[in-house]
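Student: So you can see what is in the structure, the chains are spelled out below.
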Amino acid sequence: MTLGLINANPVVQAKKERLVRREDQYRDDGVDPLEIYEYVRDIRDPEHPYTLEQLSVLSEESVTVDEKLDRILIMFTPTIQHCSMANIIGLCLRAKLKECLPLHYKVDIRVSPGSHADEVSVNKQLNDKERVAAALENPNLRQLVDECIYSAEI
Amino acid sequence: MDLMEKNLELVEIQKLEGHTDRVWSVAWNPVSSQADGVSPILASCSGDNTVRIWEQSSLSRSWTCKTVLEETHTRTVRSCAWSPSGQLLATASFDGTTGIWKNYGSEFDCISTLEGHENEVKSVSWNASGSHLATCSRDKSVWIWEVLEGNEYDCAAVLTGHTQDVKMVQWHPTMDVLFSCSYDNTIKVWWSEDDDGEYQCVQTLGESNNGHSSTVWSISFNAAGDKMVTCSDDLTLKIWGTDIARMQSGEDYAPWIHLCTLSGYHDRTIYSAHWSRDDIIASGAGDNAIRLFVDSKDDSVDGPSYNLLLKKNKAHENDVNSVQWSPGEGNRLLASASDDGMVKIWQLATKP
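Line by line, the protein sequences give chains A and B.
All residue numbers for the first sequence refer to my numbering, where the first residue is 103 and numbers rise by one.
All residue numbers for the second sequence refer to my numbering, where the first residue is 106 and numbers rise by one.
Keep in mind that the hints were calculated from the coordinates and are not lab data.
Worth double-checking, as some hints may not be accurate.
What the hints assert, rightly or not - Restricting the straight-line Cα-Cα distance to at most 30 Å, the calculated cross-link-like pairs of lysine-lysine (DSSO-like) are:
{"#": "1", "chain 1": "B", "residue 1": "LYS245", "chain 2": "A", "residue 2": "LYS231"}
{"#": "2", "chain 1": "B", "residue 1": "LYS111", "chain 2": "A", "residue 2": "LYS198"}
{"#": "3", "chain 1": "B", "residue 1": "LYS111", "chain 2": "B", "residue 2": "LYS416"}
On a predicted model such as this, the values are computed, not experimentally measured, just so you know.
Make a model of the complete structure from these sequences and hints.
Tutor: This is the structure:
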């Protein structure tokens, strides 16, 4: 992109150690929040060569799981209030989890309360599965998303 | 017959497997399913870019995929609709086009492609006479197409007014009045007062007139055409009514008024609602469930109310995107489509 960076000077945290898992307190066929966090922590930011974890967009507390209902909620924190990349980050989370999780899980993705100027509209768009499906069929967006979610392998 | 008195259940007749991605929508062929001795036919469309045509064998009563319409749409086929004659099938796709397929009995050919929308086409609907089509798109517009001789389709109007993505278009079952619903949380009514084809937005049903507070996903009418049900991401279904006699007399436009709201029945987005010919409303939602409702027939001062007739939890293994009653009288078949890639045929039956 030729445009200037949305956030030119993000705060970058050191990569965290992988967490040592305690006894699996979750049922065998279920997923726990840490497992889901492992799937998404290394997604690369759409405009910086850092992971979402390094930029504190995501942390272990970002993921909550309702085991009974097989529902997962991810709250992420864009680096700045007017981040126009918030929708792309949300798409990356959706695309990654679609690959990793069994089909029956329902995923809700939101920006953390107060973390984005257009919180309501970003949340609405990220949870409209028709718009998400259409966006992921768009070759340009798909390429951008793939670059972010497969960056570790590139 | 008092439905509430009966002990009813929704029995799964068959699971139709074949699509390799989520199934967005199903449509019953209006003719095949009504005539005696003719096998019912159902179309389904999917994120796998195809449409499947399913037919019930008159001998074994089992459903099989008769043909797959593929290699025309290059992206998701979001919805499909049969013409009133049952001869044509229109398909709305994220590739920005609407396909018109002719039914030659054993095979289907794409005889026309309607181009014009800037991006994803989300819904297509035929008017009652089959003379016009409507389509809608993420480009916020609704288009009306006139059916001409020789498989030609002419754009008769481009209707703008929605401020966001238009999710569905639906013609009124008897009159040339068009309804659209949107990501902008409203339902708009389009009508040509002078019958000259100059369609105008004559009413907007929004939150300020007891309308929905989030995306409106679907619209359906009762057989008489004087009531409409809408469903939404706000987790409610809403029933609307109008003075149909006034409208039919040609006097003037009779506005639609909110009659009641059904809430607390689904806990995720309600994607589909469909009103059967014998007045049962079906709803399908992101909670994997199907619900059925009937008019409680209580003549209260607050207007009509609707009761839950039946709930089918875990109808599918994932979101239910579409529920459609078969057009035939009496047999009460319901088709459903889901993110689990399946189409299911259900029968409403009395418990033994």
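Student: All hints, please: hold or fail.
Tutor: Consistency of the hints with the structure:
For the hint pairing LYS245 (chain B) with LYS231 (chain A), the CA-to-CA distance comes to about 18 Å; that is within 30 Å, so the pair holds. At roughly 47 Å between alpha-carbon atoms, LYS111 (chain B) and LYS198 (chain A) are farther apart than 30 Å, so this suggested pair is violated. Annotation: proposed proximity of LYS111 (chain B) to LYS416 (chain B) holds, straight-line Cα distance about 14 Å (limit 30 Å).
In the structure shown, a violation is registered for the earlier hint numbered 2 alone.
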